[in-house]
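**Student:** In terms of the working numbering, the sequence shown opens at residue 13 and continues consecutively.
If you are wondering where the hints come from, they were derived from the structure by calculation, not from laboratory data.
Watch out, some of these pointers could steer you wrong.
To be verified - Okay, derived cross-link-like pairs now, DSS-like style, lysine-lysine, Cα gap no bigger than 25 Å in a straight line:
| id | residue 1 | residue 2 |
| --- | --- | --- |
| 1 | K79 | K56 |
| 2 | K56 | K78 |
| 3 | K59 | K18 |
| 4 | K56 | K18 |
| 5 | K18 | K78 |
Said to hold, decoys possible - Derived DEER-like restraints, expressed as beta-carbon distance ranges:
| id | residue 1 | residue 2 | range |
| --- | --- | --- | --- |
| 6 | K79 | D27 | 20 to 26 Å |
| 7 | G62 | N83 | 28 to 34 Å |
| 8 | A17 | N73 | 21 to 27 Å |
| 9 | D53 | V22 | 30 to 36 Å |
| 10 | T29 | N61 | 18 to 24 Å |
| 11 | K56 | N83 | 28 to 34 Å |
All C-beta atoms, glycine included, are put in the ideal place defined by N, C-alpha and C.
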Amino acid sequence: YSLAAKPVCVHCGFDDTRALSIDHINSNGHHLRTKDPTHRDTAKWLKDNGFPDGYQTLCMNCQWIKKVDNNEN
């Protein structure tokens, strides 16, 4: 989730797109998917909706660390 020419992890700067992901900053992705079960392509949805606040780009390592630190399931 970045308007930069090349997306990078906002925590560590990792830039290999094979291991980058879009993260819900408030950890509410499950709630949003439950609310709208047709919402599957997050990247397209973000683009179509003008890149709203509440999202960030994380590498998979930083996303996993965030999940563990926040006791997310």
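**Student:** Next step is simple, just say for each hint if it's right about the structure.
**Tutor:** Outcome of the hint check:
| no. | hint | verdict |
| --- | --- | --- |
| 1 | K79 - K56 | holds, 24 Å |
| 2 | K56 - K78 | holds, 24 Å |
| 3 | K59 - K18 | holds, 15 Å |
| 4 | K56 - K18 | holds, 17 Å |
| 5 | K18 - K78 | holds, 22 Å |
| 6 | K79 - D27: 20 to 26 Å | holds, 21 Å |
| 7 | G62 - N83: 28 to 34 Å | holds, 32 Å |
| 8 | A17 - N73: 21 to 27 Å | holds, 23 Å |
| 9 | D53 - V22: 30 to 36 Å | violated, 21 Å |
| 10 | T29 - N61: 18 to 24 Å | holds, 21 Å |
| 11 | K56 - N83: 28 to 34 Å | holds, 30 Å |
In the structure shown, a violation is registered for the earlier hint numbered 9 alone.
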